[in-house]
Amino acid sequence: PGDIVMAGKNFGAGSSRQQAVDCFRALGVSAIVAESFGAIYKRNAINSGMPIVLLPGLTDMAGEFETGAEITVDLTTGVVTLGDKTFQAQPFSQVQMDIYQAGNLFAYGKSLGEK
Numbered sequence: 001p002g003d004i005v006m007a008g009k010n011f012g013a014g015s016s017r018q019q020a021v022d023c024f025r026a027l028g029v030s031a032i033v034a035e036s037f038g039a040i041y042k043r044n045a046i047n048s049g050m051p052i053v054l055l056p057g058l059t060d061m062a063g064e065f066e067t068g069a070e071i072t073v074d075l076t077t078g079v080v081t082l083g084d085k086t087f088q089a090q091p092f093s094q095v096q097m098d099i100y101q102a103g104n105l106f107a108y109g110k111s112l113g114e115k
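With my numbering applied, the sequence shown corresponds to residues 1 to 115, in that order.
Everything labelled a hint here was simulated from the structure, so no lab data went into it. All values reported here derive from a predicted model rather than from experimental measurement. The reader is advised that the hints may include incorrect statements.
To be verified - With a cut-off of at most 20 Å between alpha-carbon atoms, the simulated SDA-like pairs for lysine to any residue come out as follows:
1. Lys9 x Met61
2. Lys85 x Asp3
3. Lys42 x Ser93
4. Lys9 x Phe87
5. Lys110 x Asn47
6. Lys110 x Gly49
7. Lys42 x Phe106
8. Lys42 x Gln18
9. Lys9 x Gly78
10. Lys42 x Asp22
11. Lys42 x Thr59
12. Lys9 x Pro91
13. Lys85 x Gly57
14. Lys9 x Glu64
15. Lys110 x Tyr100
16. Lys42 x Leu27
17. Lys9 x Leu55
18. Lys42 x Tyr108
19. Lys42 x Ser30
20. Lys42 x Arg17
21. Lys42 x Leu105
22. Lys9 x Val29
23. Lys42 x Ala26
24. Lys42 x Gly14
25. Lys9 x Val73
26. Lys9 x Leu54
27. Lys9 x Thr59
28. Lys85 x Ala62
Said to hold, decoys possible - Label-pair restraints from in silico Cβ distances:
29. Gly68 x Gly109: 33 to 39 Å
30. Asp84 x Ala13: 32 to 38 Å
31. Glu70 x Glu114: 35 to 41 Å
32. Met61 x Ala107: 31 to 37 Å
33. Leu112 x Thr67: 37 to 43 Å
Every residue gets a Cβ at the ideal spot worked out from N, C-alpha and C, and that includes glycine.
Given these sequences and hints, build the entire structure.
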């Protein structure tokens, strides 16, 4: 549930503030799919548990996606589904999935200490 932002190359580049990630969550965005992410933005998003998905070639496929279309993203397999079309994105790494499932990096680290 929630909106999914589809973006091009180097999304979030130039912003090193955590609020650049947090504002999307506050707006109800459930995931961001992009061709690539700025390095600091990517790290901040993963650490805060915001699902970011790398979809190579997304810029070339921009015409496939319409505002308001229903899109699903499987974080485990990386499959992005739009109607009867599927696109292969990069699936979450195990650590990225663990951080996401814990809620954020702090909660993930805390859970490791409890084991």
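Right, here's what the structure says about each hint:
no.: 1; hint: Lys9 x Met61; verdict: holds (12 Å)
no.: 2; hint: Lys85 x Asp3; verdict: holds (19 Å)
no.: 3; hint: Lys42 x Ser93; verdict: holds (13 Å)
no.: 4; hint: Lys9 x Phe87; verdict: holds (17 Å)
no.: 5; hint: Lys110 x Asn47; verdict: holds (13 Å)
no.: 6; hint: Lys110 x Gly49; verdict: holds (14 Å)
no.: 7; hint: Lys42 x Phe106; verdict: holds (16 Å)
no.: 8; hint: Lys42 x Gln18; verdict: holds (11 Å)
no.: 9; hint: Lys9 x Gly78; verdict: holds (18 Å)
no.: 10; hint: Lys42 x Asp22; verdict: holds (12 Å)
no.: 11; hint: Lys42 x Thr59; verdict: holds (18 Å)
no.: 12; hint: Lys9 x Pro91; verdict: holds (18 Å)
no.: 13; hint: Lys85 x Gly57; verdict: holds (15 Å)
no.: 14; hint: Lys9 x Glu64; verdict: holds (17 Å)
no.: 15; hint: Lys110 x Tyr100; verdict: holds (14 Å)
no.: 16; hint: Lys42 x Leu27; verdict: holds (18 Å)
no.: 17; hint: Lys9 x Leu55; verdict: holds (10 Å)
no.: 18; hint: Lys42 x Tyr108; verdict: holds (17 Å)
no.: 19; hint: Lys42 x Ser30; verdict: holds (15 Å)
no.: 20; hint: Lys42 x Arg17; verdict: holds (12 Å)
no.: 21; hint: Lys42 x Leu105; verdict: holds (13 Å)
no.: 22; hint: Lys9 x Val29; verdict: holds (19 Å)
no.: 23; hint: Lys42 x Ala26; verdict: holds (18 Å)
no.: 24; hint: Lys42 x Gly14; verdict: holds (11 Å)
no.: 25; hint: Lys9 x Val73; verdict: holds (19 Å)
no.: 26; hint: Lys9 x Leu54; verdict: holds (10 Å)
no.: 27; hint: Lys9 x Thr59; verdict: holds (7 Å)
no.: 28; hint: Lys85 x Ala62; verdict: holds (13 Å)
no.: 29; hint: Gly68 x Gly109: 33 to 39 Å; verdict: holds (38 Å)
no.: 30; hint: Asp84 x Ala13: 32 to 38 Å; verdict: holds (33 Å)
no.: 31; hint: Glu70 x Glu114: 35 to 41 Å; verdict: holds (38 Å)
no.: 32; hint: Met61 x Ala107: 31 to 37 Å; verdict: holds (34 Å)
no.: 33; hint: Leu112 x Thr67: 37 to 43 Å; verdict: holds (40 Å)
In this structure, none of the earlier numbered hints is contradicted; all agree with it.
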